[in-house]
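A.B. asks: Input sequences plus hints: build the corresponding full structure.
Number of protein chains: 2
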Amino acid sequence: MENYVNILRQHNLKATPQRAEITALLDRHGHLSIEELYELLKKKFHSLSLATIYKNINIMMENSFITEVKIPQQKSVYELSKEAHAHIVCQECNAIEDIHLNLEGVLTQASQKTTFHIDSAHLVLKGVCSTCRSAL
Amino acid sequence: MENYVNILRQHNLKATPQRAEITALLDRHGHLSIEELYELLKKKFHSLSLATIYKNINIMMENSFITEVKIPQQKSVYELSKEAHAHIVCQECNAIEDIHLNLEGVLTQASQKTTFHIDSAHLVLKGVCSTCRSAL
DNA sequence: TTAAATGCAAAAAATTTGCAGACGT
DNA sequence: ACGTCTGCAAATTTTTTGCATTTAA
Numbered sequence: 001m002e003n004y005v006n007i008l009r010q011h012n013l014k015a016t017p018q019r020a021e022i023t024a025l026l027d028r029h030g031h032l033s034i035e036e037l038y039e040l041l042k043k044k045f046h047s048l049s050l051a052t053i054y055k056n057i058n059i060m061m062e063n064s065f066i067t068e069v070k071i072p073q074q075k076s077v078y079e080l081s082k083e084a085h086a087h088i089v090c091q092e093c094n095a096i097e098d099i100h101l102n103l104e105g106v107l108t109q110a111s112q113k114t115t116f117h118i119d120s121a122h123l124v125l126k127g128v129c130s131t132c133r134s135a136l
Numbered sequence: 001m002e003n004y005v006n007i008l009r010q011h012n013l014k015a016t017p018q019r020a021e022i023t024a025l026l027d028r029h030g031h032l033s034i035e036e037l038y039e040l041l042k043k044k045f046h047s048l049s050l051a052t053i054y055k056n057i058n059i060m061m062e063n064s065f066i067t068e069v070k071i072p073q074q075k076s077v078y079e080l081s082k083e084a085h086a087h088i089v090c091q092e093c094n095a096i097e098d099i100h101l102n103l104e105g106v107l108t109q110a111s112q113k114t115t116f117h118i119d120s121a122h123l124v125l126k127g128v129c130s131t132c133r134s135a136l
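Heads up: the protein sequence lines correspond to chains R and U, in order. First residue of the first sequence: 1, per the numbering used here; consecutive thereafter. First residue of the second sequence: 1, per the numbering used here; consecutive thereafter.
Derived by calculation from the structure, the hints in this document are not laboratory data. Warning: the hint list may mix true and false statements.
In this list, chains with the same sequence are indistinguishable; a pair is considered to hold if it fits within one copy or across any two.
In the DSSO-like style, the derived pairs of lysine-lysine whose C-alpha atoms are separated by at most 30 Å in a straight line are [claimed, not checked]:
id: 1; residue 1: Lys82; residue 2: Lys44
id: 2; residue 1: Lys14; residue 2: Lys43
id: 3; residue 1: Lys75; residue 2: Lys44
id: 4; residue 1: Lys126; residue 2: Lys75
id: 5; residue 1: Lys42; residue 2: Lys82
C.D. replies: In structure tokens, the structure reads:
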């Protein structure tokens, strides 16, 4: 947990216990929605306010400490910022996995087909995870 | 406009004037947010209710007539459903362009790196359009 | 010690619902 | 004529804000 305190400070965020726990939860779970975070945080901080979560999510995003992942047909989830990567989401159980892909090919294609200068790519794949697939 | 009436009916939607106009606006503008739609619709239907927009957006999505496009750091926009394609968004002026890309390469990569069975891909590119670029 | 964070309550914004009257088919 | 849609008002849900108190540094 001392770990999380340091990484918070590196992002110019005061290391409060609530923030350390948010960090720990995101680290452990990978991706969590606001309500999921709230439910989990409340176990440790009984008097926790939703407002605190929103304020922290917002400042953590401003400081590029966490990133929002917008997923078609679902609520947004948040993750600790890391190098660019894609996501794959299970349509059955909503499990989310990070997946590192080489997008050079598509980015080259894209630059040829548009007059935009491209800065970043956000890719979300939808499918069915192996657990759900074997359960069918 | 007769056109829009037909395409609405093909999707099992009663062709009301409000719906025809929503269709026309999406067809003309490509991508619109809820508030943009509301502002534009109000010009034609002074007594229009936001509730009507929400109800229509929802039923149109259920009937796969329109599709929501979720964009990082911005409000969602809606478009008439068409064959799968990616989007490129200007960070300066929020302009959105459709872009058809061949994703075979990444999908192949992805299937090799995950145990998920992949059904669809949602790709949003971020960058700067040529107009904004020359304005810098 | 001081600026910033928390928690609470209230406010604002976004979305949904219920219902009476109007309208599409 | 029937079932659905619209518009309005009210209800929910989601997110933000203000302020007194606490707390990290």
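A.B. asks: A separate judgement is required for each hint: does it hold in the structure or not?
C.D. replies: We went through each hint and held it up to the structure:
1. Lys82 / Lys44: within (26 Å within a copy, 47 Å between copies)
2. Lys14 / Lys43: within (22 Å within a copy, 49 Å between copies)
3. Lys75 / Lys44: Result: close within a single copy only, 24 Å intra versus 33 Å inter.
4. Lys126 / Lys75: Both, since 14 Å and 21 Å are each at most 30 Å.
5. Lys42 / Lys82: Answer is within: at 26 Å inside a copy they meet the 30 Å cutoff, but 43 Å across does not.
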